[in-house]
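J.: Below, each chain spelled out in residue letters.
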Amino acid sequence: MASRPNVVRIYSCFTEGSGSTVSLIEVSISPGIPTFSVIGLCDSSIRESQGRLRSAFKSCGFNMPKGHITVGISPAYKRKTGSGFDLPMALGILFASGQLYLPDNSKIFAEGELTLSGELKATPGACIRLKTVKNIDFDYRLIPVSEASSAGLAGFRGQAISTLSELSGIFDCNMYKESVFDYSKAPGDDDFIDVSMLKGQEKAKRALLICASGFHNILLMGSPGCGKTMAGKILTGILPRMDQDEISDVYSLNELTAGESGRISDIRPVRIIGPSVSVSKLIGDSVTVTPGELALANHGILFADELPLYKTEVIDFLRKPLEEHKVNIVRKGNLYSFDSNFIFLGTGNPCKCGLLYEKGSKCRCTSAEIKRYLSKINGPFLERIDIFSEMRTISGNDMASIYTDEDRSESLDYRKTVERCWKIEHERYGGSYLNATFPEEDIKDQMRIPENVIRYASELSEKGFFSARGFTRILRVARTIADINEAEDVSAGDVAEASQYRLRGF
Amino acid sequence: MEGTDNSIKDFFYSAVMMNTDINYKTLTDLTDNKAITNYRDLADKDLLDRIVSAPPALKPETVNRISNLSDSYIRIMDIALGYKNIADKENISVKSCLDKDYPYNWKMLSGMPKVFYFKGSYDIITRMTLNGSCAVVGSRNASKYSVYATEKICGVLGNKGITIVSGMAFGIDRSAHLASVSTPGGTVAVLAGGADNIYPPVNKDIYDAIAAQGLIVSEMPPGQKPLRQYFPSRNRLIAGLSDCTLIMEAGAVSGTLHTASFAAAQGKEVFVLPNNIYYENAWGGLKLLEDGGNVLLGPDSVIDSIARSVMYKRLGIGCRGEIPFLDKDDEFENAANVGVLRELARANPEELTDNNWKMLISDALTLKPLCADELCNITSLPFYKVSKLLTELELNGTVCQEKGKYSLTFV
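One line per chain: the protein sequences are D and V, in this order.
Start counting at 1 in the first sequence, then tack on 1, and there's your number in our numbering.
Start counting at 1 in the second sequence, then tack on 201, and there's your number in our numbering.
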């Protein structure tokens, strides 16, 4: 005989920003005129669940009990949104009305949206939520089948169900069976553009290698059609694949914005933004607290095309996230912060006609015009850019040899080097820090930069190779170069090379 | 065995020149008439006897002197062995004009010693042939100003790889040696007495320093005291050994002026440090300026002058292969040289030093500004290497970067 407790408690979870909160859903049914009320700062998507529940119950052979149904969702002071509370509410009502047997002293976690026919659907942010609850001790964990891959990525154990009618099997016949979920990566399109496409552009190639090896921000400038956009795609190809934590970070944010269509992939995300981008698009939607481009580029690349054409406010705004690797959304007094740890890859023309860096002197822009054109990329912004390289139109001969030469696997060698460097750097900083992202300012000892090399760097700084503010950036780049060379200590030569990647001369 | 045999002959020659009335004239007469093939034959007693008994077409005076020599042969040989003893004890070696590594500059001049003695590292001589050398001479009691200028200029020249040649006297000589002894160029001291004879004795400290790091040279045999009359001859050697001469300070009557006139006679450029016209001890130098000497305003014009003569020298030698270029910011725009380097870069690039590459890079930049990728292409070096060279070139001001391209600073 099923027990009929007065108040049924079911646990669920909801997302806010990139975090999530475990919530407790309490259902109580008391005799009276049939009503259905949901309390606890819920938005209409939760309140509307009454209709879905009623129809789903009917489709699956349950009844909506007659009486005064009150659903309380805690913490009651937090605004909640999302249709994922359908399943816990349904469970609560079924237990409270005695239609299902509630085992004594059991803690139940459930989430999922119901369709009118009683099928369960995934809701955005499943990965974030399941990551939050995976270590909490529950007796039953129920999720929709369509969230299985998110669960797999989050390392969540439980049972996936596809319709409401499966519940009777689980609770009445005690057929609950917990399992680990698998996730399958989307078929990785391995056909990245190969580094060899940049033939003849030795500086740009080397710059990309260093950029990837130390996670440095990079700025490429050159004429139209010199392969700047291509360089962005090349960079994705030489970055190491993501590990599971990173995949789930990226995937969970993708889920928030793209729902079920988010693909699980270990290829680092590339978010391409153009001159029309606004600050709010970068930050994200502050009403729904969905992440913007900066957060979506986390662990990957933020590719800012045509940087000199950006609005000044956008460039000024970018300074902070580039420094802090975080982007904050403030909504109604709550601060939601998203990690935005990405390689900033800026590209653009160096002047109005774009031919400034071309071989010979084709550019006819006056220095005043050039200055005006580049005025938006101001000093403070450039301080955050570790590596600068100019690019040029590829010459005809090189073009021909790219397409005739068979050997096109340079990217793989590059990636091997990058992977090796990342390993060295992870070991050095103990964590997932890389040379460019290591947060401490006092890097001399940690990065093994000898006294004489510091002196050499200050001599370069004195001679105007880079500003005093660029000093530590140079040392970081030099550290990466030393890592590429597999050297213990940074040498003066590394600093000399690093100083060649500073933007000077306009 | 050949070497020691020859060296005793060289000592013997010195002994002959110092102790008999045989002079250059006698020698010329002998060699012109094929009586002997070179000066070393003087040590051959049988040959001497043959010349005396059946003289070929020689001047009677010459035959007379040879017979005197033949008579006193044993005494002279004793003296020569005495020289050798001192030389062995003092670590002094002898070098002859018949040797391959006889100083190139002396070879080009007449009246230079057939035999000379040295102590220290002889490779400086080889180096200075290709990298240039500069005589720095001046007053023994020089003013502070001249000493200051000497130290500054010799330091710069020495660091460019140019060897400083001087006479190890007080004053200017001393500070010239001190400023250059530990530079890449190094220093050469030409002594008036034997190479073991420290004169003035107070300069023992720099004598030791030069013997350790530089080179001490003398045409006088070991043990010979520096006599007053030897000094002008020594000055002639200083001027002859170097590619140009700097007169830092010279009184109206001064040995320094000898050096200047020798240098001028040898067709070498003479630079004079301008000085106060009311300062008597500088009058000799100022007079030289009035007569058309070059004004020494700084190391740059000296370097230019040396670069020119080095270039001609190299063309003359047909200098090929790796050139030990110590010069940091190479201003030797030497077409012949760059050509050699370019060939070498193509054939076996790993043999080129950083300085060679820098030279090639600056050479490539003479025509027009180039970007880093083009430089990579020209040198066929990877960018990381080119970037290092470019930074160094920028740091010493040879090259500057503008609009993403590199150009030579003086263009």
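Just to be clear, a hint being listed does not mean it is correct.
The calculated DSS-like cross-link candidates involving lysine-lysine, where the alpha carbons are at most 25 Å apart (straight line), are [claimed, not checked]: (1) Lys360(D) to Lys345(V); (2) Lys312(D) to Lys327(D); (3) Lys372(D) to Lys604(V); (4) Lys200(D) to Lys569(V); (5) Lys360(D) to Lys282(D); (6) Lys200(D) to Lys586(V); (7) Lys604(V) to Lys200(D).
Derived DEER-like restraints, expressed as beta-carbon distance ranges [as the list claims (entries may be wrong)]: (8) Asp302(V) to Lys372(D): 36 to 42 Å; (9) Asn398(D) to Glu352(V): 51 to 57 Å; (10) Asp317(D) to Glu352(V): 52 to 58 Å; (11) Asn398(D) to Leu516(V): 51 to 57 Å.
Calculated from the structure, these hints are not laboratory results.
Even glycine gets a Cβ: it sits at the ideal position worked out from N, Cα and C.
J.: Each hint: holds or not?
T.: Outcome of the hint check:
Of the supplied pair hints, the one linking Lys360(D) and Lys345(V) is violated, its CA atoms being roughly 53 Å apart against a limit of 25 Å. At most 25 Å may separate the alpha-carbon atoms for a hinted pair to count; Lys312(D) and Lys327(D) meet this at roughly 21 Å. As the CA atoms of Lys372(D) and Lys604(V) are separated by approximately 12 Å, the hinted pair is consistent with the 25 Å bound. In summary, the hint linking Lys200(D) to Lys569(V) is supported, as the alpha carbons are separated by about 23 Å, within the 25 Å threshold.
Distance hint between Lys360(D) and Lys282(D) is unfulfilled; the C-alpha atoms sit about 38 Å from each other, more than 25 Å. Between Lys200(D) and Lys586(V) the CA atoms are separated by roughly 17 Å; this keeps the pair inside 25 Å, and the hint holds. Distance restraint check for Lys604(V) and Lys200(D): the Cα-Cα separation of roughly 21 Å lies within the 25 Å cut-off, and the hinted pair is therefore satisfied. For the pair Asp302(V) and Lys372(D), the beta carbons lie near 59 Å from each other, so the given range of 36 to 42 Å is not met.
Between Asn398(D) and Glu352(V) the CB atoms are about 54 Å apart, so this pair conforms to the stated range of 51 to 57 Å. Look at Asp317(D) against Glu352(V): about 54 Å separates their beta carbons, and that is inside 52 to 58 Å. Distance hint for Asn398(D) and Leu516(V): a CB-CB separation of about 36 Å, inconsistent with the stated range 51 to 57 Å.
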